[in-house]
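Those protein sequences? They're chains X and E, same order as listed. In terms of our numbering, the first sequence opens at residue 274 and continues consecutively. In terms of our numbering, the second sequence opens at residue 42 and continues consecutively.
It is possible that part of the hints are untrue.
Here are the simulated distance ranges between beta carbons [as the list claims (entries may be wrong)]:
1. X:SER331 - E:LEU61: 48 to 58 Å
2. E:TRP195 - X:SER437: 30 to 40 Å
3. X:ARG337 - E:ASP269: 40 to 50 Å
4. E:ALA267 - X:GLY317: 19 to 29 Å
5. E:PRO212 - X:SER437: 27 to 37 Å
6. X:PHE469 - E:VAL112: 45 to 55 Å
7. E:ARG216 - X:PRO377: 30 to 40 Å
8. E:ARG153 - X:PRO377: 51 to 61 Å
9. E:TRP195 - X:GLU446: 30 to 40 Å
Everything labelled a hint here was simulated from the structure, so no lab data went into it. Just so we're clear, the structure is a prediction, and the values are computed from it rather than from any experiment. We put the CB at the ideal spot given by N, CA and C, even for glycine.
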Amino acid sequence: MKRVIETKEVSGQSPNYLLAKFQDLVDWAVNSSRANSLWPMPFGTACCAIEFMATAASRYDFARFGMERQAFSPRQADVLICAGRLPFKLAPVIRRIYDQMPQPKWVISMGACASTGGIFDNYAMVQGIDTIVPVDVYVPGCPPRPEGLLYGVLLLHKKIKGESLFDRVPRREEQLLDERGLRLPPEQIDEISEPFGNSVHQFRSA
Amino acid sequence: MNPTVDALRATFGSAIGRGLESCGDTIVYVARAALLDAMTWLRDTPQQGYDYLVDVTAVEYRDRERPLEVVYFLRSLARRADLRVKVELDQRGDLSVDSVVPLWRGADWLERETYDMFGVSFRGHPDLRVKVELDPRGDLSVDSVVPLWRGADWLERETYDMFGVSFRGHPDLRRILMWETYAEGYPLRKDFPLRGRFSRAEQVRQALGANPEAHYSMEELSIAEAYDELPADMKERLRRGERGKLPDSE
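Just chain X, with the same shape it has in the complex (with noise of 0.2 Å):
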């Protein structure tokens, strides 16, 4: 990316100097717009939702962080929130709600069950969401607590914070590998699939 601005000398700095001190400047003004007016799009599927549902309440009132605004529409949200289990049915139907997003666009998994499929490690449930949308964040729990969401929250603002628009690779849409929609190469989803912890022993597993 060519990015040529005419400076002169200024009392001996280079122009690359002022070239990326004017870089910071348009980064930090676009970032904190991004990371404190993140419009959440929660996609509440079990028991995590009500944990959602008290993180948005004001007790805990994650409107302090600018997600004030639910968008109950894709069209108009910035951050996808998958709180709870993924059954295989709901897998189009989510990446469908990405689909729709605009860039920019991330997405939090909250919860053992959207992270990994948790407990259920079974023919009906996705074995973790990221098989079928990119993640930007997991938080643990079965649920998390509010504050865990939360600090999910924050470390999603960090890394927005972190982002360059002058980076090498612009955000774009994703590439899928087939016309299926998968977004991973088989035997990496067989991998990420594998049973895990209490699971391994688990009875009648094939």
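Start from chain X and add chain E according to the hints.
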């Protein structure tokens, strides 16, 4: 001691067994054959008026020789009086007693619970269960009962979805929990592996290949009236009844 016991004994004679008091509650034993009559009398005699059946349960003692007891907790709301009626059943014999559901509608689930936990069967209980045995290796089909009960529609669809039992004459036998192009089989069958038959990657691929709008018929979406206002492409999909493509295997 609750005076009701003496009144019972005067009315039913030898059908009334011993009466005793425990922690302030009066317990009276009634012979199995006289239970329904005694209960009717307790409910309908104005001086007694036990109009509320609080609970039905059973007691089994560690000593196998002692009979199993079915316990009825009665309360008269007007008189604020309690009575506990017990029926003794021989453990080695017939564990059945008359149902009191005709007297108190609320006994329905209480008796079901007692049946569930202790195996006491209640004669005349309205909730009759009919079982049909099918050979899992043979023809898994039975006649549909939807013509009799409209509500059997989704129940039979679920049974078809989970066990693969097909119901002859069902108006709309489609999968209901899993999506319609689900190709791994019937999840609640014992030979079905818990994690499914396909690899996780294949499961993700097939799930993403499903068309979420096609999971529901127009009727189920209850947008039939709004059909004219739908976008053209959605109209077209709904008109075709598109439900995704069945994979080649199976």
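- Is the distance from the Cβ of X:PHE469 to the Cβ of E:VAL112 consistent with 45 to 55 Å? Roughly 48 Å apart at Cβ, these two residues keep to the hinted range, so it holds.
- Should the hint that E:ARG216 and X:PRO377 are 30 to 40 Å apart at their CB atoms be regarded as holding? holds, 38 Å
- Item | Distance restraint hint 51 to 61 Å, applied to the beta-carbon atoms of E:ARG153 and X:PRO377 | holds, 57 Å
- Query: Taking 48 to 58 Å as the hint, is the beta-carbon distance of X:SER331 and E:LEU61 inside that range?
  - Reply: Because 57 Å falls inside the window, the suggested range holds.
- At the C-beta level, are X:ARG337 and E:ASP269 separated by a distance inside 40 to 50 Å? Hint holds: Cβ distance 45 Å, inside 40 to 50 Å.
- Does the Cβ-Cβ separation between E:PRO212 and X:SER437 fall within 27 to 37 Å? violated, 60 Å
- Query: Taking the beta carbons of E:ALA267 and X:GLY317, is their distance inside 19 to 29 Å?
  - Reply: holds, 26 Å
- Query: Is it true that E:TRP195 and X:GLU446 lie within 30 to 40 Å of each other by Cβ?
  - Reply: Between E:TRP195 and X:GLU446, where Cβ atoms are some 39 Å apart, the hint holds.
- Message: For the hint 30 to 40 Å, verify it against the beta carbon of E:TRP195 and that of X:SER437.
- Response: About 53 Å separates the Cβ atoms of E:TRP195 and X:SER437, which means 30 to 40 Å is violated.
Violated hints, in rising order: 2, 5; the structure is consistent with all others.
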